[in-house]
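A.B. asks: Letter by letter, the chains look like this.
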Amino acid sequence: MLNDTIVGMNDPILITGANGFIGSKVVEILLSYGFNNVRCLVRSSNNVGALNVIISRYASAKVDLVEGNLLSRDDCDRACKGVAVIYNLVAGMEKSFPGCFMNSVVTLRNLLESARQHSNLKRFLHVSSFAVYSNFELKRGGLLDETCEIETHFMERSDAYCYGKVKQDEFLREYGDKYNVPYVIVRPGVPYGAGVKAPIHARVGIDPFGIFFHLGRSNILPFTYIDNCADAIVMAGIKKGIDREVFNIVDDNLPTSKKFLRLYKKHVGHFRSLAVPYWFFYIFCSLWEKYSHWSGEQLPPAFNRRKCAALWKGNRYSNNKLKDLVGWKPKLSFDDVEDRYFEYLMKLKGKVN
Amino acid sequence: MIKVAIIGCGKQADAHAALIQRLGHCEIVGVCDKEELMARQLHERFRVKNYYSNVHELLERARPDVVHITSPPQSHLALGKLCLENGCHVFFEKPFALNFAEAEILIELAQQNDRKLTVGHNNQFNKSAIQMRDLIRSGFLGGTPIHMESIWGYDLGDPRFARALLGEKTHWVRQLPGKLLHNIISHGVAKIAEFMTGTSLKVMVHGFTSNLLKSTGNTDIVDELRVIIRDGDYTTAYFTFSTQIKPMIRQFRVYGPKNSLIVDDMHETVIRVARTNYKSYLNQLVPPCLYGAQYFDKALENVGKFIKRDLHFESGRRRLVESFYGSISDGTPLPITYKELLLTSRIMDSIFDQIKAV
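Which chain is which? The protein sequence lines are F and S, in order. At position 138 of the first sequence (counting the first as 1) the number is 138 in the numbering used here, and the numbers step up by one without a gap. Remember, the numbering used here sits 353 above the position in the second sequence when you count from 1.
By construction, these hints were calculated from the structure, which means they are not laboratory data. This one's a predicted model, so the numbers in the text were calculated from it and none came from an experiment. C-beta: ideal position from N, C-alpha, C; glycine also. It is possible that some hints are incorrect.
Claimed, not checked - So the derived label-pair ranges between C-beta atoms look like this:
{"no.": "1", "chain 1": "S", "residue 1": "553", "chain 2": "F", "residue 2": "81", "range": "56 to 62 angstroms"}
{"no.": "2", "chain 1": "F", "residue 1": "207", "chain 2": "S", "residue 2": "686", "range": "46 to 52 angstroms"}
{"no.": "3", "chain 1": "S", "residue 1": "389", "chain 2": "F", "residue 2": "9", "range": "55 to 61 angstroms"}
{"no.": "4", "chain 1": "F", "residue 1": "291", "chain 2": "S", "residue 2": "682", "range": "28 to 34 angstroms"}
{"no.": "5", "chain 1": "S", "residue 1": "652", "chain 2": "F", "residue 2": "208", "range": "58 to 64 angstroms"}
{"no.": "6", "chain 1": "S", "residue 1": "354", "chain 2": "F", "residue 2": "47", "range": "32 to 38 angstroms"}
{"no.": "7", "chain 1": "F", "residue 1": "272", "chain 2": "S", "residue 2": "710", "range": "41 to 47 angstroms"}
Next up, chain S with everything else stripped away, as it sits in the complex (with noise of 0.2 angstroms):
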C-alpha cells in the first residue's frame, strides 16, 4: 500500500484526490494546504485520515511515501525539498517549476536522495499519445522526427480557470513570469521536449495579446504565442498557443524522412500520414479513402473505449500516475525523463525571457 499525501487543496487537488483514492493499492494519509478550511474541506469530502495547515506536521505524522504538490508554482521548489529531504517521492502539478534553475536543483535533490519526482502533464499518457510513442518506437516514421508541430489551443471562457484569472489582478497566475502561459503551455512544449536533443538550442518567440483579452483590459497578459525551435541535430519545431483559434485545436505534428503522424488530444485520435505511390489522380482519389477508413476506425476503437470505461478525461492522469507509482515500487523507468522536464523548463524560460524582452 502506498500512502500518499497531497499539499495544496485548490481546484486541482480534487481530481487528484478522486484519482488515488480510485487506484486500490495506495491510500491518502494526509491533505494539506496553509488555509486550514481548505485542507478541511477536501479531508471532509474525500474522508481522508488527516488535514493539515502545516506541511511539517503532515511530512512528520503522516509519514507519506508520495506527496502530490497541487499549490502553485512558485511553491514547488521550497515544498518539493522539504519533501525530499524526508524521503518523499514528489508528483508535481504543472508546470514543474518555476524556472529551469529550480527544475535542477529538485531533479539533483532527487537523485541524491535516490527519490522520484515527476508533474502532471497528463496528455503524453492519452491513448494517443501513447500510440504514437509505439509507433515511433517500430520505426513508422523512418527515423528520428524531422520537424513537430504542436498547437495548443485554451478557451478563456472556461468558468473554472480563465475567468478567475482575469477577473482578479493579483491571481497567481499573473504573479509567475510569463503569467497565462507560464501556467498552460508545458503541456504542449513536453510534446515536442520528448523528441529533442537539447544541445545547442534555438528559439525565436513572437507573442502578443490578443484583440480580445485587450479589449477586455488585460493588456499585461499574452495569450498568442508562435514559437520556433531548433536543436543541435537540426530537429526542429514549431509550438503554436492559441486562445483565439476556434474550434479550440490540441494537437501533435511529428514528421520523419518516410512517414508521419497526426496525434489529436481533442479527439483521441493518431492518423498515419504514409508515402503513397499511387499515379495520376489515383494519389487525389485513394489517399482521402483511406484517411477516411483511419478516422472511422478511431472512432469505432473510441467507442470501444467507452464501453470499456476506458475513455475518460483523467485516463491520461491515471496512467501518469500508475507508470509513476509503479517506478517508485517496481524500479519501472520514470514515465516523464528528467532530460525532458529539464528542456521542458529550458524553452519555456526562453520564451518567456524573450516575451518580457519585448
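Looking at chain F on its own, in the form it has when it is part of the complex (with noise of 0.2 angstroms):
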C-alpha cells in the first residue's frame, strides 16, 4: 500500500528507459498502483512490444510513448514538461569509458537541466547500481551497505560501467545541491526475472577460455527479483520526507552463488564447471594486472584485483534502510519465483543456442 506520497493519482510521472528490464516493469507497476498519467521516454520505437503489452492492459490510463534521445535537448524538454517526478532508469552500457560516461552523465545533466526549467518537480529518482561501490578495502564476508566506500580507481579496475555509474551519482549530488533538487537514489544488486540476457550473472561465474569457473562458490548473490526491485524503485520514488537519501535494493532470503549453479544445472541444463577458490583467481587477476601494466596493455587489463573483489570477494547485503525509511518488502523470495525463472533461462538458452 502506498502512504505519504508526495504525488497525486494523476500527477504526470516521467520513466526514462522505459522500454528496459526494468523501466518496463516501474512502469507496469507505477499503473498497477492507479498512477494515470505516465509518461514513457524511449530511445526508439522499434523495441517497444513488451512496453505496448503492459500499456494496453491499462487502458484507462494517460500513457504517452515518447520517443527521443537524452542526448537532445529538444527532447529532454519535451520529455519532462510539467511532470512531477522523474524516473532516471539510463545508463551507458557501453564498453568504452567516454560511451559510459556521454550517455550517463551528460544525458543526465541534460535531463535535470530541463527538468528545473520545464517541470514541477517533486522528486528525481535516479536508479544507480551495485557496480558503484569498491569493497576493495572491505573484509571478506562484511557488510555492503549505503555507507560503503564508493570506486574511484576506475583505470585500474577497467570497468567502464562503474565509471559512468559512479560520475553519473557524483553529478547528481552536485547539481541536487547546487539547485535545490530533491533527489533519492536506489542502488539494486543484481536485478533478475523474465528479460534478463545473461542467462547466468558473473557473479556466478565465468567462462574465458571455454570452461566455466564458478567463482561465486558459497558467496551470496546480491539478487532482487525484477518485481520487488522495481516495487522498491517506484516507492523510493514517491515517499515522502526521503530526499538525497540512498538505497540498497536487495531481496530477504538471498541465495549463494553454489545454491544457483547447482538450480541452473538442475533445471536448464547440466554443463561442467570449475569450482575456482577466490585467492587463487585473485592472485591470477594480480599477476594479469601486473603484466597488463608491464607490457603496456599489450593484454588490457580485463583481470585484476579490484573487480575480482566486485564481483567475487563475497559480501553480505542488507536491505534495513530501504524497509525502515520507505516500507518496502520484497513481496516474492527467491524460492517463490525460482521454477518461473529458471522456465524463462531455459527458453533463453534455447534462443541463444
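Reassemble the complex: the two chains are provided individually, in unrelated frames, and hints are given to aid placement.
C.D. replies: Written as C-alpha cells, this is what we have:
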C-alpha cells in the first residue's frame, strides 16, 4: 500500500529508459498502483512491443510514449514538460569509458536542466547500481551497505559501466545540492527475472577460456527479483521525507552462488564447471594486472584485483534502510520465483543456442 | 618535449591519450570538447593539465605543437584550419577530411604555414605492412604492382561503434555523405592509393545494403561494397568492403610481374607468393609445404613479438604517431604522403558519388 506520497494519482510521471528490463516493470507497477498519467521515454520506437503489452492492460490510464534521445536538449525538454516525478533509468552500457560517461552523465545533465526549467519537480529518482561500490578494503563476508566506499580507481578496475554510474551519482549530488533538486538514489543489486539477457550473472562465474569457472562458490548473491526491485524504485520515487537519501535494493533470503548454479544445472541443463577458490583467482588477476601494466596493455587489464573483489570477494548485504525509511518489503522470494525464472532461462538458452 | 593537445574527447580520444602518454618524449597539455563534461572526464582519467570547451582558448593557453583531432570528420576542415593557422601540426583521426576538396584545402594550408598533417591509418603501420613495404622496395615483386586486392571486413556487432550507429537515426556517421562506408573504408582504400599514380583514375562501384541490415530497418546504410579501380598506368585494384563475410577478413594482396604478396591484418602475417619451377606433381606438393613453413615462421615471429611486448593492437598507431612526431622534430619524411591522402579522398568521393547516383 502507498502511504505518505508526494504526488497524487493524476500527477504526471516520467520514466526514462521505459522499455528496458527494469523500466518496463516500473511502468507496470506505477500503473498497477493507479497512477494514470505516465510518460514513457524510449530511445527507439522499434523496441517497445513488451511495453505496449503492459500499457494495453491499463486502458483507462493516460500513457504517452515519447521517442527521444537524452543527448538532445529538445527531446529532454519535451519529455520533462510539467512532470512531477522523474524516474531516471538511463545508463551507458557501452564498453568504452567515454561512451558510458556520455550516455550516463551528459544525458543526466540534460535531463536535470530540462527538469529544472520545464517541470514542477517533486522528486528525481535516480537508479544507480551496486557497481559503484568498492569492497576492495572490505573484509570477505563484511557488510556492504549504503555507507560503503565508492569506487575511485576506475581505470585500474577497467570497468566503464562502474565509471559511468559513479560519475552519474556524483553529478546528481553536486547538481542537486546546487539547484536544490529533490533527488533520491537507489542502487539495485542484481535484478533478475524474465527479461535478463545473460543467463548466468558474472557474480556466479565466467567462461573465459571455454570452461565455466565457478567463482562465486558460497558467496551470497545480491539478487533482487525484478518485481521487488521495480516496486522499491516506484516507492522510493514517491515516498515523503526521504530526499537526498541513498538506498540499496536487495531481497531477503538471498541464494548463494552454489545454490544458484546447482539449480541452474538442474532446471536448464547440465554443463561442466570448475570451482575456483577466490584466493587463487585473485592471484591470477593480480598477475594479469601486473603483466598488463608491464606490457603497456598488450593484454588489456580485463582481469584485475578490484574487479575480482567487486564480483567474487563475497559480502553480506542489507535492505534495512529501504525497509525502515520507505516501508518496502520484497513481495516474492527466490524460492517463490525459482521455477518460473529457470523456465525463462531455459527458453533464453534455447534462443541463444 | 612535444606539447600535444586533443580535440574531441569521445571514444577515439582514449586510445590517442593512452598512446601519447606512453611515448615519453611528449606531454598532453590540454584536451578540448565542445561538451565540457566530456573534456573534463578525459582530463580527469588521464590526469591532463587542463581541459577546455573552446578551441580558441585551448590553442591560446596551452600552445600545443601538435593537435590530435579526434572529433567527427564534419569538423576536420574548420578545426584543422584553426590549428594550422595557430602554428600547430595536425594528426587527424580517419577519415582525413569530408571530401577531396577539403583535403586539398587542408594540405595547401599546411604547406603555406610550413606545418605537417597526417591521418590515423594505423594499419598501414602494422609490422606486416612495414614488412610488405620493405619487400616491395627490395624488388620482390619484380617491378611496380600490376594489380591489388584490398578486402576490409567490418563487424556490425561491435558494441563500441556499430550498435550506437544502428540504434540512432541522428548519429553523426549517418550524416556523412558515405555514411558507414565513409567512416571506415579509408583504411582499405589507402592501401591501394599508396601504389597508384592517380592519373586518369577510373573507379567502378557496386554497393548495396545487406539483407541483415535491411531486416533491422536500416535500409539507408550501404554496408556491402565492390569497387574496381584503374589508373593511367593501368595499375588495377579491387576493393571489397563487407559486413557479411565471416570470418571477418582484412587482407591486402599485391601482385607484381614476378611475385606477389599476401598481407593479413587480422593475423599480422605477410606471405610471399613466389614463382616456382617444380615439375609435374611436385608443383602440387612442394609449394604448399613452403607456404606452411612461412605460416609457421610467422607464428613464431608473432610469439616473439608478444614476448617482447610488440604485438599490441595499437602498435600500428604507435609507429604512425612516432613517425609523424619524428617528421616534425627531425625533419624526416611524413609517414603518409600527401599524394596518398589526396588519392584516398578522390577514390572515396568517386565511390560515394556513384552510390548516391544509384
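A.B. asks: Are the hints correct? Go through all of them and say.
C.D. replies: Hint by hint, here is what the structure shows:
1. S:553 with F:81: 56 to 62 angstroms: Holds, at about 60 angstroms.
2. F:207 with S:686: 46 to 52 angstroms: With Cβ atoms ~49 angstroms apart, the hint holds.
3. S:389 with F:9: 55 to 61 angstroms: Given a distance of about 40 angstroms, which is not inside 55 to 61 angstroms, the answer is violated.
4. F:291 with S:682: 28 to 34 angstroms: 32 angstroms, holds
5. S:652 with F:208: 58 to 64 angstroms: 22 angstroms, violated
6. S:354 with F:47: 32 to 38 angstroms: Because 50 angstroms falls outside the window, the suggested range is violated.
7. F:272 with S:710: 41 to 47 angstroms: Hint violated: Cβ distance 57 angstroms, outside 41 to 47 angstroms.
Going down the numbered hints, you'll see the structure goes against 3, 5, 6, 7, while the others check out.
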